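J.: In order, the protein sequence lines correspond to chains A and C.
In this text, residue positions in the first sequence follow our numbering: the first is 1, and each later residue adds one.
In this text, residue positions in the second sequence follow our numbering: the first is 299, and each later residue adds one.
Hints listed in this document are in silico derivations from the structure and should not be mistaken for laboratory results.
There may be inaccurate statements among the hints.
[What the hints assert, rightly or not] Partner residues aside, some chain A positions facing chain C, computed with beta carbon under 8 Å:
no., residue
1, Pro92
2, Thr94
3, Thr95
4, Gly283
[To be verified] Restraint-style ranges between C-beta atoms, simulated for each label pair:
no., chain 1, residue 1, chain 2, residue 2, range
5, C, Asp430, A, Thr37, 52 to 60 Å
6, A, Asp236, C, Arg309, 28 to 36 Å
7, C, Gly351, A, Val67, 46 to 54 Å
8, A, Thr37, C, Pro597, 21 to 29 Å
9, C, Asp622, A, Lys88, 31 to 39 Å
10, C, Pro541, A, Thr37, 39 to 47 Å
11, A, Asp236, C, Glu626, 39 to 47 Å
12, C, Glu383, A, Thr37, 33 to 41 Å
13, A, Asp252, C, Gly351, 45 to 53 Å
14, C, Asp622, A, Asn48, 57 to 65 Å
15, C, Pro597, A, Arg235, 26 to 34 Å
16, C, Gly428, A, Arg240, 24 to 32 Å
17, C, Glu383, A, Arg257, 34 to 42 Å
18, A, Asn33, C, Gln598, 36 to 44 Å
Bear in mind that the values here come from a model prediction, so they are computed numbers and not experimental data.
Just so it is clear, CB atoms sit at the ideal spot from N, CA and C, and this is done for glycine as well.
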Amino acid sequence: MSKTTSRPDWADDVSEPDLSDPNAIPAPVTRTNKDGTKTTISYRIDENGRRVKTTRRTRTTIHRERVNPAIAERRSWPKFGLEKGKPKGPQPDTTSIAENMQFRPSVNWKAVQAEEAKSGANVTSEEKAKKDALKDKKVKCRICGGEHFTARCPYKETMAPVEEGGPAVDPLAEDDEKNAAGGLGATSGGYVPPHLRKGGAAGSGDRMGGKYERDDLATLRVTNVSEMAEEQDLRDMFERFGRVTRVFLAKDRDTGRAKGFAFISFVDRTDAARACEKMDGFGYRHLILRVEFAKRTT
Amino acid sequence: MRPVLLSGHERSLNQIKYTPDGDLLFSVAKDKNVCAWFTSNGERLGTYHGHQGAVWTVDVSPNTRLLATGAADNNVKLWNIKTGECVKTWGFPTAVKRVEFSEDGTQLLAVTEKRMGYLGTIVVYDIRYGEDLSDQTDEQSLRIECERSKATVAAWSYLSKYIIAGHEDGTVSQYDAKSGELLLDAEVHDDGYQVNDLQMSQDRTYFITAGKDKQAKLVTCRDLEILKTYKADTPLNTAAITPKKDFVILGGGQAAMDVTTTSARQGKFEARFYHKIFEDEIGRVRGHFGPLNTIAVHPQGTAYASGGEDGYVRMHAFDKPYFDFMYEVEREQARR
């Protein structure tokens, strides 16, 4: 230890067994670690005459496959006919892999297909409903009550808009009674903010509301996820901590690979907290996960 | 799932069959070769040469030693699966449309075509599995003549008790496998619509038929009672029952002659999955660009393969959603 001058490099191991001869290469040492992996330390001398220490950690996994002896025997049969003399393994001229496809059986497959066929002309059912609601709506002037827009009213300059309770009934209020889905709940005629409107949750404001309604309190944001990650893997990993309601893994639209982040929603916030604590720094597919609570997008 | 595409044939596929262990798949097509494939990786084990015409049908013996094929050259051939040699040839006056080994492999039935003044017949041979596989009898142990309507397909029932035959006029009949006597006759498919395929369940107590009348039916062997009906929107060429999950797979599509005039989407060239019990369609698998002529399911129910008019065999290994899929009632039942 004391003869540091004989060392070719300070980065070399401190516990070198033999220092008397700088050119001597110690025999490789292999020791078994607690977690079942093996560490092998070997030395070699590189082209510059320096001693290089290599530390390798290896994990051995044995994949055992049980095969029916008859099948195993058939696998070793020599090829014959047109394949005679060809090497082992699939030949590219006869065997190829087709593109990946999804097959998910579903109970209401027929209904879903029919729906899709209907909306084939790029019109979703939602848009259609909106159009239907507007179809028999009449234009009504707020000044004179005629069938034109208020801005185009011939009496625009001469008459002020009729006040509430006047001869012309507030068209919005009237509409509302006819069509509850239209949005306004109160008949007072004053401005009602969208979130207070009757049926606001089911109306057109739904999209926006939906984002906030989702329980972000129990949602984790997982980053540094491997490209090869699968939603199912994530689900399996996180389901250990409690019931998972939603797993969203961002994927590239073109390549289908994961983009590197995911959201996991739990039913219970305490589960989420536990998962966050345990899974932060967890190694998954050669990357270390970072888990934190999802922040609300504002 | 990623299907494995097998392109060993130059013409449309006629039948495919898995071995009982599911490790090999045999395919026959309108070209004269028979192909053997490993199902694990799609590697071709070899080809069997000897037929002079389109090979209509293939079956593999339960011990995976012999392969039987029937072809348009009026022959039934027996092959040594391992070496690819033809060990026996039986000649007939007309083409052979279907061959099948009995459950124990000791008998082989062959369905011959009605043509040139010959009646359609179902004949049975006894099969020996000695050291020398070419030691086979020339004598037919049974011969059934179909006078009314020719048989298109036939199969052995449980315990080789009956021979079930599907006919050109849409009827299915039950013959005694010992005497050849016609025991029962049932109008399973619409009159005049041919039965295109008939596949037994694993225990051979019921079977599924695929008809030209756009229907597939699940029928019992014992009394030919129709258990279930699966309605499709296209003539069906083939139908198979999946073990492990209670599904059936139907394949069909427009007749080959009309294919060129329609697009692939209209052609309905998809494998259709129906729930066996509830008779609902639960999904489709696309891929072929011609009608599906034949479908076979892995005996363990883990994969299926389809052969199409386009000359390709596509092997599909089912993935998790397939096995997880359950109706709500099934799930409840499983929970209990």
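J.: Hint by hint, note whether the structure agrees.
T.: Verification of the supplied hints:
1. At about 10 Å, the closest approach between the beta carbon of Pro92(A) and any beta carbon in chain C exceeds 8 Å, and the interface hint on this residue is violated.
2. With a cut of 8 Å, the hint placing Thr94(A) at the interface with chain C holds, because the nearest CB-to-CB distance is about 5 Å.
3. At a threshold of 8 Å, the smallest CB-CB gap from Thr95(A) to chain C is about 4 Å, leaving the interface hint in force.
4. For Gly283(A), the suggested interface contact is broken, since its CB lies about 24 Å from the closest CB of chain C, more than 8 Å.
5. Checked against the hint of 52 to 60 Å, the pair Asp430(C) and Thr37(A) passes, with Cβ atoms roughly 56 Å apart.
6. Checking the proposed 28 to 36 Å range against Asp236(A) and Arg309(C) shows it is violated: the Cβ atoms sit about 46 Å from each other.
7. As the Cβ distance of Gly351(C) to Val67(A) is approximately 37 Å, the hint placing it in 46 to 54 Å is violated.
8. Roughly 41 Å separates the CB atoms of Thr37(A) and Pro597(C), a value that falls outside the hinted 21 to 29 Å.
9. At roughly 35 Å, the beta-carbon separation of Asp622(C) and Lys88(A) lies within the given 31 to 39 Å, and the hint holds.
10. Taking the beta carbon of each, Pro541(C) and Thr37(A) are about 42 Å apart, inside 39 to 47 Å as hinted.
11. Our hint of 39 to 47 Å for Asp236(A) and Glu626(C) is violated, since their Cβ atoms are close to 24 Å apart.
12. Range check, Glu383(C) to Thr37(A): Cβ separation about 52 Å, and the 33 to 41 Å hint is violated.
13. At roughly 51 Å, the beta-carbon separation of Asp252(A) and Gly351(C) lies within the given 45 to 53 Å, and the hint holds.
14. Roughly 59 Å separates the CB atoms of Asp622(C) and Asn48(A), a value that falls within the hinted 57 to 65 Å.
15. Taking 26 to 34 Å as the suggested C-beta distance range, the pair Pro597(C) and Arg235(A) conforms, at roughly 31 Å.
16. A hinted range of 24 to 32 Å is violated for the C-beta pair Gly428(C) and Arg240(A), which are about 59 Å apart.
17. Here the CB-CB span from Glu383(C) to Arg257(A) is close to 49 Å, at odds with the stated 34 to 42 Å.
18. With their beta carbons about 40 Å apart, Asn33(A) and Gln598(C) fall inside the hinted range of 36 to 44 Å.
Figure legend: structure checked against the earlier numbered hints; hints not met, in rising order: 1, 4, 6, 7, 8, 11, 12, 16 and 17.
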